[in-house]
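As a plain string of letters, each chain reads:
There are 2 protein chains.
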Amino acid sequence: MRKTFLFMDTIVNKVDAKGRVSLPSDYRAIVKELSTEIVCYRSLTSPCIEGCAEELLEKIAADMETSLDFFSQTQDDLTNLIFGDARRFSFDSTGRILLSEKLLKHAQITDTAVFVGKGRKFQIWNPENWAKEEKRIRQEIMKNRPSLSMKGGN
Amino acid sequence: MRKTFLFMDTIVNKVDAKGRVSLPSDYRAIVKELSTEIVCYRSLTSPCIEGCAEELLEKIAADMETSLDFFSQTQDDLTNLIFGDARRFSFDSTGRILLSEKLLKHAQITDTAVFVGKGRKFQIWNPENWAKEEKRIRQEIMKNRPSLSMKGGN
DNA sequence: CTTACTCTTATGGTATAACATGGGATTTTT
DNA sequence: AAAAATCCCATGTTATACCATAAGAGTAAG
Numbered sequence: 104m105r106k107t108f109l110f111m112d113t114i115v116n117k118v119d120a121k122g123r124v125s126l127p128s129d130y131r132a133i134v135k136e137l138s139t140e141i142v143c144y145r146s147l148t149s150p151c152i153e154g155c156a157e158e159l160l161e162k163i164a165a166d167m168e169t170s171l172d173f174f175s176q177t178q179d180d181l182t183n184l185i186f187g188d189a190r191r192f193s194f195d196s197t198g199r200i201l202l203s204e205k206l207l208k209h210a211q212i213t214d215t216a217v218f219v220g221k222g223r224k225f226q227i228w229n230p231e232n233w234a235k236e237e238k239r240i241r242q243e244i245m246k247n248r249p250s251l252s253m254k255g256g257n
Numbered sequence: 104m105r106k107t108f109l110f111m112d113t114i115v116n117k118v119d120a121k122g123r124v125s126l127p128s129d130y131r132a133i134v135k136e137l138s139t140e141i142v143c144y145r146s147l148t149s150p151c152i153e154g155c156a157e158e159l160l161e162k163i164a165a166d167m168e169t170s171l172d173f174f175s176q177t178q179d180d181l182t183n184l185i186f187g188d189a190r191r192f193s194f195d196s197t198g199r200i201l202l203s204e205k206l207l208k209h210a211q212i213t214d215t216a217v218f219v220g221k222g223r224k225f226q227i228w229n230p231e232n233w234a235k236e237e238k239r240i241r242q243e244i245m246k247n248r249p250s251l252s253m254k255g256g257n
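Same order as they appear, the protein sequences are chains A and B.
Its first residue numbered 104, the first sequence is counted upward by one per residue in our numbering.
Its first residue numbered 104, the second sequence is counted upward by one per residue in our numbering.
Since the hints were made in silico from the structure, they are not lab data.
Watch out, some of these pointers could steer you wrong.
[As the list claims (entries may be wrong)] One side of the interface only, derived from the structure: several residues of chain A facing chain B at Cβ under 8 Å:
#1 VAL134
#2 ALA164
#3 ASP180
#4 PHE186
#5 ARG191
#6 THR215
#7 VAL219
#8 GLY220
#9 LYS235
#10 MET245
[Stated by the list, open to error] Simulated pairs of lysine to aspartate or glutamate, EDC-like, Cα-Cα distance not exceeding 20 Å:
#11 A/LYS162 with B/GLU158
#12 B/LYS235 with A/ASP180
#13 A/LYS162 with B/GLU136
#14 B/LYS238 with A/GLU236
#15 A/LYS117 with A/GLU204
We put the CB at the ideal spot given by N, CA and C, even for glycine.
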C-alpha cells in the first residue's frame, strides 16, 4: 500500500521568542516522504496561516501554464496573490521552522500555535481563534447537514 | 526527484545610487539550479518590471513554433514586445543585479524595490505601487471568489 | 498494576554561516 | 578622459545549524 500524505490531527506547539515552532512530526514525515518542502502563506479567508507541500504549488503553477492564457489578467492576479505571499519554510535538525512576522501577525499568534490538518493542506491558528472557529464550523455543519452530499469530488 | 523552482514570497530590497539591487537569495538559487540566467523586461500591463528565467522564454519561443496561433497577430505583437524588451541581467559575486534606467523608470523605482514572486515569473515594484496593487488584487479575488475554482481547492 | 527504561519529540540556548548593503578599486565602454 | 559597469572587500544583521536538556509516549520487566 502506498504511504499516505495527508495532514491530519490538531497539534498545539509553543512558539518561542524568535518565532520558532516545532513542525508536528507527522507533518515532517510527509515532507521527507515526498522529498519536498513546506510552504506557508496567509489564508485568504481566515486569520490563520495556511501551509502545504511545495509540490502542490508546483502543480498549480503547471496547471496555470497550460490552462490559462499566459497573458490573462486573472492568471496574473492569482499568481501574484498565491506565490507573492507563499514562502518556503524548511525545518532544522530539531524539526523547527521560523515563522515570519507577517504570518504571525496575520494569524495573531504570539506564544502558542495550533496546527490543524486539512488533508493536502494544513492551517496554523492562534488557540483562541481556533476554538471559536471549530465551534462555528461544527454548528454550521449541523445546520446544513441534510443538504450535504458527496459530490464525488474532493 | 526534481527540485522545484518557483519564485515566491515578497522581498523588499534597497536600490543603491548606482541602481544595484540584491536579487533575493531564493531567486539566485533557482538560477543556479537551472543553470540559466535572469531575464527582465517591462511589464506589458503594470508599472513594474517583470522577470523570469531565460529558460522560460526559451519555452515560450518553442511553444510558438508549434502553436496553432503561429500566425496570430496578437500573439505576434505580444512576443514582439516581450522579446524586444527583454534583456539578461546577471548578478555579481555578492548577488546583485544592475537594473537599467529604462526599467527603473517604467516601474517608478528609486531607492527601494519590492520583489514579488509569481511562480515561473516574478515582478519588481515600487513599494507604494505594490501596496496599492496588492490591495486591488485582494479585493478583486474576494469579489470573484465563488466563481474561481482552482484544482488545488481552497 | 506498577516501575524502570528507551526512544521520540519538543523546547531553550548558543554558535555559525548566509545575506543584504555600503564603499571603494578596477576594468570596460564610448 | 569621463562615465559606466563590474568586481572585491568589509560590516551589521538575521536566519539557520548545532548542542543540550526536558517532557512525554510507549515498551518491557518486575
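Report task. Just pull the numbers of the violated hints for me, sorted ascending. Result -> 1, 6, 7, 8, 9, 10, 14
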